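Protein chains: 2
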Amino acid sequence: MSELRKDLVSGRWVIIATERSKRPDDFRPASPEKKEGGSGFCPFCMGNESKTPPEVFALRESGTPPDGPGWRVRVVTNKFPALSPGAAPPKSAKGVFQWMPGVGVHEVIIENPDHDKELSDLDTTHIRDVLRVCRQRIKAIEEELHYQYVQVFKNKGKEAGASLGHPHSQILATPIVPKRVKEEVYGSERLFRTFKECIFCRTLREETTLHERLVLRNDRFCVIAPFASRSPFEMAITPLRHSPFFTSAEDEELASLAGVLKTVLTRLKTTLSDPPFNLILHQAPNPTLSQKAWPGIEQYFHWHMEVLPVLTKVAGFEWGTGFYINPVPPETAAGYLREEK
Amino acid sequence: MSELRKDLVSGRWVIIATERSKRPDDFRPASPEKKEGGSGFCPFCMGNESKTPPEVFALRESGTPPDGPGWRVRVVTNKFPALSPGAAPPKSAKGVFQWMPGVGVHEVIIENPDHDKELSDLDTTHIRDVLRVCRQRIKAIEEELHYQYVQVFKNKGKEAGASLGHPHSQILATPIVPKRVKEEVYGSERLFRTFKECIFCRTLREETTLHERLVLRNDRFCVIAPFASRSPFEMAITPLRHSPFFTSAEDEELASLAGVLKTVLTRLKTTLSDPPFNLILHQAPNPTLSQKAWPGIEQYFHWHMEVLPVLTKVAGFEWGTGFYINPVPPETAAGYLREEK
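These protein sequences, in sequence, are chains A and B.
For the first sequence, counting from 1, position 33 maps to 33 in the numbering used here; every step adds exactly one.
For the second sequence, counting from 1, position 228 maps to 1228 in the numbering used here; every step adds exactly one.
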């Protein structure tokens, strides 16, 4: 089983992932002629269901049995999970070292059976179904397994960390609330006291008035190029209806979000020749925990998504300082992303 | 001039770097046949001194004039500086937005005249001289220009963020103390209260006793694969003599550090087929500021260096949580790095 370890000085946790354990030779640069997938075989394609761990959930044609063809969206446990199921154990500590067993959930959402159809190529009904599956899996993991935080994310492209080309998203649930999530919760609490309102609601209002960083706004969502964007062409997608929990999103909101995602990911693809990107869901920790640990979180936290195109490198300066250097002002990026190409 | 902008929720700063401003086309993936450098011309090579901004400092043969041949180590202002000189201005704020002009220093240390000689290929006297130049530049920037933090780092290889192949390091001085540096200072202060001693001194002692993560130890420095390594084959290089400031390192310490760097970077190169890496100096903020803002920092902060090989990608999970997934336990990494290959 993997191990969670804490760096005491920074408060950062790492997963020492024994299931994925590697030797130095595994890091040798791949020869250029060696294409991704090698043999051309993909375990996520329709017909290859037996090559993944058993499915956890699927949207499939009625009458088709699990782990066979006939599905539209399919969720399986990651074959090389960073975390594995188990009861949340207490932390161990000895001298300056703190650790715990790597318990948690690591699932893969195979977004559609077609290897070459990216998320933005799907029709909005299908994208909505992917979002509904996310909502359902988060709810199940929070209510049945009680893990403290559920992180949903998508790595698109090798440079963004995807190891398989077939379009998929991932769910990783951790037995502790990660540092960056805590920072966001405490940060928004502090700003709620300063501004007497949710910082996300306030930002949406100011950005809509200013307009210069606005990418898109409909009756349910707003997309902006954030004022302090770390990455060129970064986008924040925020629901207009205030709620800390993605699981509280209603069907109509997910339908609207599907349309928004299709639009902005298509624009990103056209503007920048199909760049690698990370799509990251930001939500409050497990509601049961949140209500105990952060009373009032319903007022000050606001779920949202981030799109981070991978166009620059995280280098020494970023590692040392936590600063990011972004060569494209978000006002310029929004100008490109706002218009249909 | 660039702009520093703050993300209020996370407390993270970014540099919107107008000097490096890019359009979407600049991010098109380079065609594979286009080699780095293109024409083969390198502005850092001996004889091309006129192609860089004027030198700020150099170690050169006596009698040779600045900005011509005859140097061993040469420091110039970055041609596309992320930050530019100026008086540290006050922060501006309007509504939810906070920013300030991008003032600071951005210098390049050209480590040697030979394009193909990496830092670890130089003899230890030359590496010591590079370290001495770092020490001198940091001192000058802190004492004359009063910037709050001086970050020295090296990006080796394209994947690690280097845009030129000629071996070089960089210095970026910021008018504020970056978030990650503050975290490290506050973290080590808190741990000093817990352990009644410097957390870095304590860790060195425990790691030396345990031995399993020890890579190298001589009479002045200790190199370990940190317990909570983010990256496979990560190393922390820490002086045995406690001090928060790199500028307080004595000549004999820099000579010893030069030998240590040569050894561990050579081992990294051999073990992992010359991987890209980031080398990052961690030191306390400007001493004048440190003594005012963090009384007692001399006791609890301890300068050190990190070597972060770039072997995995920062992906959605890392961005969302601040967690890192490391497929190589540091105990395994130390085993490979400990022995001469």
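FYI, nobody ran anything at the bench for these hints, they're computed from the structure.
Model, not experiment: these values are computed from the prediction.
We treat Cβ as the ideally placed atom computed from N, Cα and C, and that holds for glycine.
Worth double-checking, as some hints may not be accurate.
To be verified - Think about it this way: if two alpha-carbon atoms lie no more than 25 Å apart in a straight line, the pair counts; the simulated DSS-like pairs of lysine-lysine are: (1) A:K158 with B:K1006; (2) A:K196 with B:K1269; (3) A:K6 with B:K1196; (4) B:K1182 with A:K6; (5) A:K179 with B:K1269.
Unchecked claim - Which bits of chain B does chain A cover? Going by a derived footprint, with three or more residues having C-beta under 8 Å, they are: (6) 1059-1072; (7) 1139-1149; (8) 1322-1336.
Against the structure, the hints:
This hinted pair does not check out: K158 of chain A and K1006 of chain B have alpha carbons roughly 30 Å apart, beyond 25 Å. Of the pairs offered as hints, the one joining K196 of chain A and K1269 of chain B is violated, with about 54 Å between alpha carbons and a cut-off of 25 Å exceeded. For the proposed pair K6 of chain A and K1196 of chain B, the alpha carbon gap of about 20 Å is at most 25 Å, so the pair holds. In summary, the hint linking K1182 of chain B to K6 of chain A is supported, as the alpha carbons are separated by about 18 Å, within the 25 Å threshold.
For the suggested pair K179 of chain A and K1269 of chain B, the alpha carbons sit about 33 Å apart, so the restraint of at most 25 Å is broken. As drawn, the segment 1059-1072 of chain B meets chain A at 0 residues by the rule of a beta-carbon pair under 8 Å; below three, the given contact is violated. Here's how the segment 1139-1149 of chain B fares: 1 of its residues keep a CB closer than 8 Å to some CB of chain A, so the rule of at least three is not met and the hint is violated. Coverage of the segment 1322-1336 of chain B by chain A holds [criterion: at least 3 residues with CB-CB distance below 8 Å; count 11].
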